[in-house]
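Q: If you're matching them up, the sequences are chains A and B in order. Numbering-wise (our numbering), the first sequence opens with residue 5 and increments by one. Numbering-wise (our numbering), the second sequence opens with residue 234 and increments by one.
Be careful, since some hints might not be right.
[What the hints assert, rightly or not] Within a straight-line C-alpha distance of at most 30 Å, the following computed DSSO-like cross-link-like pairs (lysine-lysine) qualify: (1) A:K70 to A:K18; (2) A:K42 to A:K74; (3) B:K325 to B:K344; (4) B:K325 to B:K259; (5) A:K42 to A:K18; (6) A:K330 to B:K369; (7) B:K259 to B:K320; (8) A:K331 to B:K325; (9) B:K398 to A:K350; (10) B:K325 to A:K153; (11) B:K344 to A:K153; (12) A:K70 to A:K42; (13) A:K84 to A:K74; (14) B:K369 to A:K153; (15) A:K18 to A:K84; (16) A:K330 to B:K344; (17) B:K320 to A:K331; (18) B:K369 to A:K84; (19) A:K74 to A:K153; (20) A:K84 to B:K259; (21) A:K84 to A:K70.
Treat the hints as calculated values from the structure; they're not laboratory data.
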Amino acid sequence: MTLLALDWAFLIEKLVLIVIIVFASLGIALYTTFGERKVAAILQDRPGPNRAGPFGLLQPLADGLKLIMKEEIIPNASSKWLFIIGPGLAMTASLMTCAVIPWGTAVHLFGRIIELQVADVNIGILYVFAVVSMGVYGIMIGGWASNNKLSLMSALRAASQAISYEIAMGLALIALLMTTGSLSLKTIVADQVTGHYWNIVYQPLGFLIFFICAMAECNRTPFDLPEAENELNFGYHQEYSSMKLGFYLFAEYVNMIMSSAIMACMYFGGYDLPFFDESTVAPNIAAMIGVGTLLIKIVLFIFLFMWIRWTIPRFRYDQLMNLGWKKMIPLALFNMLLTGALILSKL
Amino acid sequence: MNVLEILFYALSVFALASAIMVLISKNPIHSVLWLILVFFAISGHYILLNAQFLAIVNIIVYAGAIMVLFLFVIMLINVKKDKEPQKQLFVKFIGVIAGGSLLTLLIALVKQTDSILGEKVLLKEGTIGLIHPLGKALFSDYVIPFEISSVLFLSAMVGAVLIGKK
Chain A
5 MTLLALDWAF LIEKLVLIVI IVFASLGIAL YTTFGERKVA AILQDRPGPN RAGPFGLLQP
65 LADGLKLIMK EEIIPNASSK WLFIIGPGLA MTASLMTCAV IPWGTAVHLF GRIIELQVAD
125 VNIGILYVFA VVSMGVYGIM IGGWASNNKL SLMSALRAAS QAISYEIAMG LALIALLMTT
185 GSLSLKTIVA DQVTGHYWNI VYQPLGFLIF FICAMAECNR TPFDLPEAEN ELNFGYHQEY
245 SSMKLGFYLF AEYVNMIMSS AIMACMYFGG YDLPFFDEST VAPNIAAMIG VGTLLIKIVL
305 FIFLFMWIRW TIPRFRYDQL MNLGWKKMIP LALFNMLLTG ALILSKL
Chain B
234 MNVLEILFYA LSVFALASAI MVLISKNPIH SVLWLILVFF AISGHYILLN AQFLAIVNII
294 VYAGAIMVLF LFVIMLINVK KDKEPQKQLF VKFIGVIAGG SLLTLLIALV KQTDSILGEK
354 VLLKEGTIGL IHPLGKALFS DYVIPFEISS VLFLSAMVGA VLIGKK
């Protein structure tokens, strides 16, 4: 019987890892909503949420409970199945990215060497790219299925914005891949740990382009045109209520965490703690230090996202398109040419 | 049956069922969404053949970009079921006959070719689908067709920009 000739221990190990990573991501996303409100409050010189629990720390739990307890409303004129699939798809796509992120070096547990990465595929970055391009379907399907013209307008905006900025993002990535010579995130991080410098030193312009495009892909202000409430009432999730709305709002935060993790891995050395030799401590402790370092980098990026959101006002739609097509893409092409020329001159 | 065979049959059923749903869905939006599922099933087949690069590019280009544009256009022009012009029965009948003859012809052709008869599919073997061998092959053995097709893409892009400016 060869049907069940699987390595069951391997399967269980990966399953446990997936469950831990997904729930950790959701937990961080929960407290990112709290962080967002606190950061906004600090930037606007007001106290922010401070009633539920010490320092308002129970606020996200109260918010989640409120969303779940609300009445589910599915509009009569909507396409019911697609209306339900939409938020699920948005959430799935944003969580799928975490499969290829290397969270740390290997851990030794129960006599096994456990890699802290769900899948080391040799096309890691392209996988991330594919998942990102899937993310827009959640918004498009939800916006269309609501049968509301403002939702539809917003869904179309989201799609065109995502497609426009994906091009510049891909071009910035190509320049990075030219320097690393590998598409596997694990190899990219490992090269930065053993090499002298992080990739940001070689690709500062590429990082800037990637960061701006990531912000646009996450629909964060100043690129949150799909949610421009003064033009579109509320955006693509206007007809949604209860936890379906919660999924859409939550997916944005998960997206933010994942793009922060990707940026940390590709440009800022991933789990590498600078000026510290991991081989001097036990492998398990080194792995824990690595995970902690990556989490700190992610939190710093999220703070940067929030800082920008509460500082810069929203673009107009034509400004957004001009920035994407007439500035970002030529700049990314220039960056690519420059990288190519530098690599050639070094040979 | 081993795991690979089970995956192969499951993906095939998934692909064929989704493809049939593309044809019989009344609503064009639903057709597009089923077509996206077909692309996913085909990408699954590519992964079984160890062509990871092809699989992911299939998803990025077809499912991620082209289908979004399809969806975009259909949502914008807002095709309604009752407004869609209904074809006459006669036209449908002719279409079935023409399509059926083409299918028969293709099957007959495949049955006659000697080169693929008795060949085994390289499941999880072969490295041509991985990114390093593929890049080497494209830029050494097939460099002229590759460059010519890139010029073709460039001219298509210039054409699109020109039409867009009018």
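Q: Indicate, hint by hint, whether the structure satisfies it.
A: Do the hints match the structure? See the list:
1. A:K70 to A:K18: 33 Å, violated
2. A:K42 to A:K74: 25 Å, holds
3. B:K325 to B:K344: 29 Å, holds
4. B:K325 to B:K259: 15 Å, holds
5. A:K42 to A:K18: 36 Å, violated
6. A:K330 to B:K369: With a Cα-Cα distance of about 33 Å, the restraint between K330 (chain A) and K369 (chain B) is violated, given a limit of 30 Å.
7. B:K259 to B:K320: Given that 30 Å is the threshold and the Cα spacing comes to 13 Å, the pair holds.
8. A:K331 to B:K325: 50 Å, violated
9. B:K398 to A:K350: Violated, at about 41 Å.
10. B:K325 to A:K153: 35 Å, violated
11. B:K344 to A:K153: 52 Å, violated
12. A:K70 to A:K42: 19 Å, holds
13. A:K84 to A:K74: 19 Å, holds
14. B:K369 to A:K153: 49 Å, violated
15. A:K18 to A:K84: 35 Å, violated
16. A:K330 to B:K344: The hint is violated at about 53 Å.
17. B:K320 to A:K331: This hinted pair is violated, its Cα atoms lying about 47 Å apart.
18. B:K369 to A:K84: 49 Å, violated
19. A:K74 to A:K153: 25 Å, holds
20. A:K84 to B:K259: 16 Å, holds
21. A:K84 to A:K70: OK: K84 (chain A) and K70 (chain A) at ~24 Å, within 30 Å.
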